[in-house]
Structure formats: C-alpha cells, structure tokens
Amino acid sequence: MRLQEWIRSTDRSEGGCVDYNFAFLDEGAKREIRRKTLKAVAIPGYQVPFGSRELPIARGWGTGGLQLTLSLIGSSDVLKVIDQGSDDSVNAVNIRKFIESVTGVALTTNTLEASLIQTRHRIPEEPLNEKQILVFQVPIPEPLRFVEPSERETRRMHAEADYSPMWLYLYEDIVRFREITIGARYPVMVNRRYVMDPSPIPRWDVPRLHMAKALYLFGAGREKRIYAIPPFTRVEPLEFDDYRFRVESFEGRCCARCGARNTFLDEVPDDDTGGRTFMCSDTAHCEKRRSGEAPSP
Amino acid sequence: MKQPLLRVRNLSKIFGPGCPRCAADTGPEAGTNICPHCRSVVACHDIGFDLHTDEVLGVVGESGSGKSTVLRLLHFDWEATAGEVMLYENGRSPDGGGTGFDGVNLLSLGSYRQRMIRNRIMGIVFQNPHLGLKMHISSGGNIAERLLAAGWRHVGEIRRQAGELLERTEVPRARMDEPPKHFSGGMQQRVQIAKALSNSPAILLLDELTTGLDVSVQARVLDLIRRLHREMQVATLVVSHDLGVVRMLTRRTLVMKCGRIVEAGLTDQILEDPRHPYTQLMVSSML
Amino acid sequence: MLLVKNLHKSFTLHMLGGKRIEAFSDVSFQVAPGKAVVLSAPSGGGKSSVLKCIYRTYLPDAGVIRFQSPSLGLVDLASLDEHRVLVLRRGEIGYVTQFLKVLPRVSTVDVVSEPLINAGVDAELARRRAVETLRRLRIPEALFSAYPATFSGGEQQRVNIARALIRRSRLLLLDEPTASLDAESVGIVLDMLQDCKEKGTAMVAVFHDRSVAERIADSFYTLRPDDGFVRAAAP
Chain A
5 MRLQEWIRST DRSEGGCVDY NFAFLDEGAK REIRRKTLKA VAIPGYQVPF GSRELPIARG
65 WGTGGLQLTL SLIGSSDVLK VIDQGSDDSV NAVNIRKFIE SVTGVALTTN TLEASLIQTR
125 HRIPEEPLNE KQILVFQVPI PEPLRFVEPS ERETRRMHAE ADYSPMWLYL YEDIVRFREI
185 TIGARYPVMV NRRYVMDPSP IPRWDVPRLH MAKALYLFGA GREKRIYAIP PFTRVEPLEF
245 DDYRFRVESF EGRCCARCGA RNTFLDEVPD DDTGGRTFMC SDTAHCEKRR SGEAPSP
Chain B
85 MKQPLLRVRN LSKIFGPGCP RCAADTGPEA GTNICPHCRS VVACHDIGFD LHTDEVLGVV
145 GESGSGKSTV LRLLHFDWEA TAGEVMLYEN GRSPDGGGTG FDGVNLLSLG SYRQRMIRNR
205 IMGIVFQNPH LGLKMHISSG GNIAERLLAA GWRHVGEIRR QAGELLERTE VPRARMDEPP
265 KHFSGGMQQR VQIAKALSNS PAILLLDELT TGLDVSVQAR VLDLIRRLHR EMQVATLVVS
325 HDLGVVRMLT RRTLVMKCGR IVEAGLTDQI LEDPRHPYTQ LMVSSML
Chain C
3 MLLVKNLHKS FTLHMLGGKR IEAFSDVSFQ VAPGKAVVLS APSGGGKSSV LKCIYRTYLP
63 DAGVIRFQSP SLGLVDLASL DEHRVLVLRR GEIGYVTQFL KVLPRVSTVD VVSEPLINAG
123 VDAELARRRA VETLRRLRIP EALFSAYPAT FSGGEQQRVN IARALIRRSR LLLLDEPTAS
183 LDAESVGIVL DMLQDCKEKG TAMVAVFHDR SVAERIADSF YTLRPDDGFV RAAAP
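Residue numbers (our numbering), protein chains in the order written: chain A, 5 to 301; chain B, 85 to 371; chain C, 3 to 237.
So here's chain A without its partners, still in its complex pose (with noise of 0.2 Å):
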C-alpha cells in the first residue's frame, strides 16, 4: 500500500484510531524546529544546529526545507513547492502531494498567491512580501567548507568572525583566474556579522536577498541545521571594492518561450536543431507572461 492511499483509508475525521498526525511531525518535533527556527530568526545568519527527524523521504532530498515547512504549515495556508523554479520537477512534486496528503492545504503554482513557498535552488522572480515566508532546502550549511574541513574550526571561526581564510580564497580566485569564479552557493555577510550560505542559488538571486520583505528560513536535514535571514535584514555579497560581485549575464538573449529578458534563463540543448535555447528558469511566472498575467518586458 502506497502512504498516500494508506493515509487516506485512515479516517481522521473522528479522531482517535490510530494516525498521523497533523504535518506528519508529532507536535514535540514541530516544537523543537519552530524553538529552533526562532533563534535561527534572532540571530540572523547564525546556523542553528536542530534534531534532523526522519521523513518518508531520503536525506538530502529536501529534508531540511520539509521539516520547516511542516513545523510552520497551518491548514490555512497557500503552498508552493518549486525545484530549481519549476513547479513541475519530480522533487517539487513529490514534496507537494506529501505535504498536501498530510496537511490537505490549498496548493498553488503562483508566487503571488502562496503563503509559504518550499524552494531549492532558487528565488521566485516575483518580489514576494512581508505575509510569506520561503523555506530553502539547503545541502551544505558551512560557507567556510570551501575553506576548512573541520566544524569545530569553523564554528570557532564563526564565533570569532575569523572570515579571512574565506576572503583569502576568493583574493586566490582573482589572482588565478583575474575574477571570483564561484557560481552557485555565493557567500553573503548577513547583518555585518555572520558569513552564510545562501544554498546553491544562482548569484543572480543573491540581491534578493538583501532588505527583503519575506522571511527566509534554511533548513538542511542532512547537516541538521537551521538558520534564518529576517525581513527587511542586510544581505551583502563577499565582494572586492576593485572586483564586484556580478550576476550572472544573459546580455543578449531571451527567453524561448515568453521573451523575457529580465529574468534568471536555463540553457536548454535543442535536440532538434543540435544548438542551444535559453527558458525562464522560473516556469510559473514564465507561464503567466505567456499567458499575458504578468507584463512583457
């Protein structure tokens, strides 16, 4: 028996027999995460180490932005679940027919609509607001894990604000390749005080995440850890005042499918013609240009 159809042949209705409870997590666990979650969100970049629980999905697969969302979820909420800005991936999918067989809240694919958006990967293009909240799954906490194998030396060097090994190697960078080549996973200064890890987004969401509206939650179950960016908090980008940090580039190029020429686009190879396309990567909002709900360019 599948756990979807088991969880629906139980009656939760009368209460009682024996079942899940609301969010899968028994209420103790929800407790402990949203604890956690608070000191995540009191000091902000600060990573909060947490009792990882386990899920009906392996580690590493998006554990740590589940068990937030399901310590946070209520049955009023509005969720989204988005892989790398699509709604559709099997990732996203799975997550979300998850939460919804044990939460059986709204579902939706628009940014503007959701209350809680669970993300890997990436920040909607929409600007979201002070009412919504966007839980990241996050593989590897540790900024400083480019630069030092061992957690109990980065924690002292967290503690300290012991950042130079970390901006050493970006100074290496330069001096190697005359700029900083990291893509993914840029470290950010968040408040002036602790560097972050902002999961693997594209450094072109890295801006969003300075002076935003919405509260930003991390989570990694793997790594056991939680860690927060508040509202309205300053994010910085590690950056040289003669080698700025940069997003990444798409002069020249669109979108394929709705012309965009603002937005974050996936390189997709064209198996027809053997050359290259560029899509919005985020398909949500890339759909609602198409469809003429959000404005061209």
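Hints are computed from structural coordinates only; laboratory data are not their basis.
Where a beta carbon is used, it is the ideal one built from N, C-alpha and C, also for glycine.
Each hint should be verified, as a subset may be incorrect.
To be verified - Across the chosen pairs, the derived CB separations fall in these ranges:
no., chain 1, residue 1, chain 2, residue 2, range
1, B, Asp161, C, Ile119, 32 to 38 Å
2, B, Glu146, C, Arg86, 26 to 32 Å
3, B, Glu146, C, Ala151, 37 to 43 Å
4, B, Pro120, C, Ile119, 48 to 54 Å
5, C, Pro44, B, Gly269, 50 to 56 Å
6, B, Asp261, A, Val251, 26 to 32 Å
7, C, Ile119, B, Glu146, 30 to 36 Å
8, B, Gly269, A, Asn98, 55 to 61 Å
Said to hold, decoys possible - Examples of chain B residues lying across from chain A (beta carbon under 8 Å, computed):
no., residue
9, Gly182
10, Ile221
11, His238
Since the structure of chain A is already known, use the hints to place chains B and C on it.
Then chains B and C, alone, in the frame of chain A:
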C-alpha cells in the same frame, strides 16, 4: 616616562589537572617542570615583565624552559591558567593604530576580541614556517590573509602592499604569486616576517626564527630584523635558545629555566655579569 | 653630577663551587659637570669594573651611584630599572670600551651614526655627522663603508671613540680610550675630549698611560691596593 606597551604579571600555564603543590614542587630548584604529585606540566609560572614600545626584549632558555609558552600565551594561542597581560596604548586611539582596550587585561577578553586585537596589533613568526604560512597558497596570498583580516578590501592595494613588504624582506617581488613550498627555508622565514609585519603591528613576536637555518642565512635574517626594527619601531619579543641571537637583537633579556624567569637584566649584563648558576652555565657554554 | 659611594662588587662563580672573587670594595668619589676623574690603581681589573658598574654592565653588590639626569631626575644607577638605564644610555651616558664590540656586517658610518639615530636624529643628518667625526679622527675615507671588524686595533679604537663622541653625553665613561693609538691620534682624541668637557660633560676615565691621563684629569681617585687587586676570597 611612558607606560610600557604590555605589562605581564603572574602569568602561568599548567597543562594537566594541576594541584595546590604544582608551583612549589616544580621550577629550577626542583630541576623539573613536571609536578611530582599530579604529573601536570607547569609550562610557565609567575612570569612577569614589561614590554616597552620600540624595544627588543629577549627571552632565552633551553627547550622546555617555557619561553615559547609565554609567547603563545601573549598571542592568545593558548589560554593562560592565571595571570594578566595589561595593554597600555599611551593615547593611541582606535583610529591611530590602537585597539580601544587601553588599560585592559587582555586575558580577560573573549576570543572574538582577542582575535581582533591580534589582527590589529600583533605579528608572529614561528620557528616552523608551516605554522605561520599556508604552504600551498601564494606568498602574496599569505600576506593578503593578514591584510584581509585587518579589513583590507581592495585587491590592487593588497597586492601593492604585499609586493612592497616582500621587497623589504628581500624576497623578489616577481615570486609573489608562487607558493612558499617552492622556497628555501630562509626565504620562507622572510615571507613569514613580511606577513607578520603586514598590518604594521605594535608588537612583533619572534619564536626561534633562525633555528634550523644555515649560519649564513641566519645572519641575513637577523640583519633583516635589526633593519626592520630600526625602520618600523615595533616592540619585539625575541624567543631563542641562542644567546648569540639575543646578543645581536636585544638590549634586555629574560632568562628562563623550568618554567620560571631565573634572571632578568640588560643583555650586556646578562652576558658579562650573569648571576644565576644556570645563566653562568649558559654564558660559559657559548661558542 | 655623579656621586659614587661605598660601591662594592664581587663575582660568585657557581661553576667553581660558588667561589667568590672580589672586584673592588668601598669605592667612593664624585664628578662635577665638565670635570674628569681618572681612576688609578697599581694593577688589575678593578678600575674597569667600576666603569662597568656605573654603566650597569655589572650589577654592584652594595653602594650607590647617584646620577643627576635632566630627563629622569636624581637616580641611583646601582638600582635603577633596566628600561630607564637604557634611556640614559641612549641619551646621557656614553661609554668607550677598550675594544670595539660592534655587530658584524655593519659599515663604519652606520656604526658611528647609530647612537644619533637611536636618539631620534634624522638618518641622513646622522650619517653626515658620522662622516665629519670620522674625518676629524683621521679615519681613511676608504674605510667609511667597510666593516670595522676587519680594521687594525688603532682604527677600531678610533671608530669606537667616534661612536661615543658623535653625540653629546652628560657623562662619559672612558676605559683606556687611547691604549692602541699613536701620539698624533692621542692628541686628537684628547682635544675632542677637552671640547666635551668645555660643553659640560663629566668624565670617569681609566688610562694606562699616566702622562696621557694627566693631560685630561682634573683629579685622580686611587683604588686602594688591597681592594684594587683582583683577589680570591674563601667561599
């Protein structure tokens, strides 16, 4: 008279559990720094001295005398068991090379502040270049790391400063982007010195910096330190087992044995009128 | 300006079972500004030891060495802390030793100009003054940039004198400054010392040659023979 830059008092470091009799039953009279009761190592005990702005102070003693321990405690690498290290900035403001911790016992601060102070006013050169340098990162990068820690954020300026420092320490500027692992021992020490001086520190700590180098290379490194000291006026602590090094670099010297200071005085007095039996033995053993 | 009273110095040699060697005892004399006291004794190292005690290369066992310092006031050199002793050495007390003890690989001009640079004088000016002083002492120009370690005894001694006289001292300690000089050089050195005296420098000196000493001395202080001789005492 100005106050000293650092006033060190009652500085002690015990490795191990420690017991009430540790201090009494170790030291030069006991001939050991291992406590016979609890087997703790009393690396140094009751160390007191002043370090003045612009002076070079020597600390001399054999292996295990505790001289390097004192240096590592001042650099906050290890936590002292007891004692205080008072910093006096003599009116230097945080904008003018000070730290804002005038008249404060630095050992009472947390590691975050200690690191800030270390980044701002200290430089260190270790006997083993592997401790002070990242061997696989470019020499310029090694110097850059200290500048970055001190808040420099302009790659061009960092490279200019690193290049100038390497030239001052007689490392060819052209080799700036090579990693120190390609260099000779003497050149590695010069890169270490350039790195230590990169933030124009008020305090320079030198731990056996010429030990292990060829004699001719030693001489050049010592000449370099004397020249840099004359040019930069940095308070320097020279830790060495070699009285010859101390004679060349310092005017005041502390002699340590079994974790204690057994004699302190002017360097020429230590050499010509040594009073403690151990100092006399050491002076008479000089080459 | 300098008052030495009941000064006593001995050495305890721990490597020889704590054997005590008396250098001198109960030495008392004083020197006024612009005056020179010459220490004399039949023989032995007691005279140099007195100078070294005043300079604090030796630590006296007992007695006082009172010195009137413009920067530090009235101090006792026998017990003054080392940092202040260094302040006085840098600015007020000069010392000419019998032998040149300089660091290797430093040129003559740098050796001579160093005391001025340490006293805060601009390096270029200090080097010019060094050249002038060396010329006055008839050091060949060719040697200015050479290392003094390779020089003859007489040349080394003159470099030593140049180093001591390049800056004005309140107090000069002279330990046989003319021992290895020819008659002409002795005359030059004595002239320079006379200049210093006229500018108010007090001197305590040891000369091996009585006739030279008499040309500069204002008074003689004789260490008593039984104290002046180096003698061994029971441990």
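Hint-by-hint comparison with the structure:
1. For aspartate 161 (chain B) and isoleucine 119 (chain C), the hinted distance range of 32 to 38 Å is satisfied, since their beta carbons lie about 35 Å from each other.
2. The given range of 26 to 32 Å is respected by glutamate 146 (chain B) and arginine 86 (chain C), whose C-beta atoms sit roughly 30 Å from each other.
3. Between glutamate 146 (chain B) and alanine 151 (chain C) the beta carbon distance is about 30 Å. The supplied range of 37 to 43 Å is therefore violated.
4. Taking the beta carbon of each, proline 120 (chain B) and isoleucine 119 (chain C) are about 52 Å apart, inside 48 to 54 Å as hinted.
5. A hinted range of 50 to 56 Å for the beta carbons of proline 44 (chain C) and glycine 269 (chain B) is consistent with their spacing of about 55 Å.
6. For aspartate 261 (chain B) and valine 251 (chain A), the Cβ-Cβ distance of about 29 Å falls inside the hinted range of 26 to 32 Å, so the restraint holds.
7. Between isoleucine 119 (chain C) and glutamate 146 (chain B) the C-beta distance comes to about 35 Å, which sits within the given range of 30 to 36 Å.
8. Checking the proposed 55 to 61 Å range against glycine 269 (chain B) and asparagine 98 (chain A) shows it holds: the Cβ atoms sit about 59 Å from each other.
9. Annotation: glycine 182 (chain B) was flagged as interfacial toward chain A, and the flag is violated, the nearest CB pair being 20 Å apart, outside 8 Å.
10. Taking 8 Å as the C-beta cut-off, the interface hint given for isoleucine 221 (chain B) holds, the closest approach to chain A being about 6 Å.
11. At its closest, the beta carbon of histidine 238 (chain B) sits 4 Å from a beta carbon of chain A; the interface hint therefore holds under the 8 Å criterion.
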